[in-house]
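Undergrad: Top to bottom, those sequences are chains A and B.
Using the numbering used here, you'd call the opening residue of the first sequence number 1 and step up by one each time.
Using the numbering used here, you'd call the opening residue of the second sequence number 1001 and step up by one each time.
In case anyone wonders, no lab produced these hints; they're calculated from the structure.
Misleading hints may appear alongside valid ones.
[Said to hold, decoys possible] Calculated pairs, BS3-like style, for lysine-lysine (alpha carbon to alpha carbon, straight line, at most 27 Å):
1. A/K13 / B/K1047
2. A/K59 / B/K1047
3. A/K45 / B/K1012
4. B/K1021 / B/K1062
5. A/K13 / A/K45
6. A/K59 / B/K1021
7. A/K59 / A/K45
8. A/K59 / B/K1062
9. B/K1047 / B/K1062
10. B/K1012 / B/K1047
11. B/K1076 / B/K1062
12. B/K1047 / B/K1076
13. B/K1012 / B/K1076
14. B/K1047 / B/K1021
15. B/K1012 / B/K1062
16. B/K1021 / A/K13
17. A/K59 / A/K13
18. B/K1076 / B/K1021
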Amino acid sequence: MPMDANEIERLIKSGIPDAAVTIRDLAGDGDHYAATVISETFRGKSRVQQHQLVYEALKGQMGGALHALALQTGIPDA
Amino acid sequence: MSIQQFIENEVKSNDVVLFMKGTPQFPQCGFSGQVVQILDHLGVPYKGINVLESEEIREGIKAYAQWPTIPQLYVKGEFVGGCDIIREMFQAGELQQVMQDNGLAGKTHAQA
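Make a model of the complete structure from these sequences and hints.
TA: Below you can see the structure in the form of structure tokens.
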């Protein structure tokens, strides 16, 4: 069962409350999205750790219902 | 040998290992194909492990790195990232730096 963009955004924000999330639907099939997540909690963390935080927020959907999420993470501009 | 021991052995005994869908010659997923292109561009020798050949490896590697997707790139036993991170690092020149820091700088284009 593919996911919709709002669901992805809601999940990410539930796991990372201060996150600024933008989502693009790459293929219109509910399976291929690109997301940019900006959050203060990423400060000082490696890219792998930042992405892991997002995957945790997605509660196991990543790789399952959500086949492809091109992810970019970062910290807010000072 | 458990699947985690198999993975540990592959990751520790090869300088550069790419757990991917398909093979370096025939990637069977766009994301795996992108990392193969980047590694080939860098000219760094690496071992491709096709997770499609074994459900056990496919799931085991996700647990091993606490990372839910394929491909996964390991350099000198360290998980470096999936497709997004490898592409981002490559564009920023960081991947080249990681390879050089580990004495793995590939053939320059002139010698390819």
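Undergrad: Look at each hint and say if it fits the structure.
TA: Okay, the hints, checked on the actual structure:
no. : hint              : result
1   : A/K13 / B/K1047   : violated (38 Å)
2   : A/K59 / B/K1047   : violated (31 Å)
3   : A/K45 / B/K1012   : holds (24 Å)
4   : B/K1021 / B/K1062 : holds (13 Å)
5   : A/K13 / A/K45     : holds (18 Å)
6   : A/K59 / B/K1021   : holds (23 Å)
7   : A/K59 / A/K45     : holds (20 Å)
8   : A/K59 / B/K1062   : holds (14 Å)
9   : B/K1047 / B/K1062 : holds (18 Å)
10  : B/K1012 / B/K1047 : holds (12 Å)
11  : B/K1076 / B/K1062 : holds (18 Å)
12  : B/K1047 / B/K1076 : holds (12 Å)
13  : B/K1012 / B/K1076 : holds (7 Å)
14  : B/K1047 / B/K1021 : holds (13 Å)
15  : B/K1012 / B/K1062 : holds (17 Å)
16  : B/K1021 / A/K13   : violated (31 Å)
17  : A/K59 / A/K13     : holds (12 Å)
18  : B/K1076 / B/K1021 : holds (21 Å)
In summary, the numbered hints that this structure violates are 1, 2 and 16.
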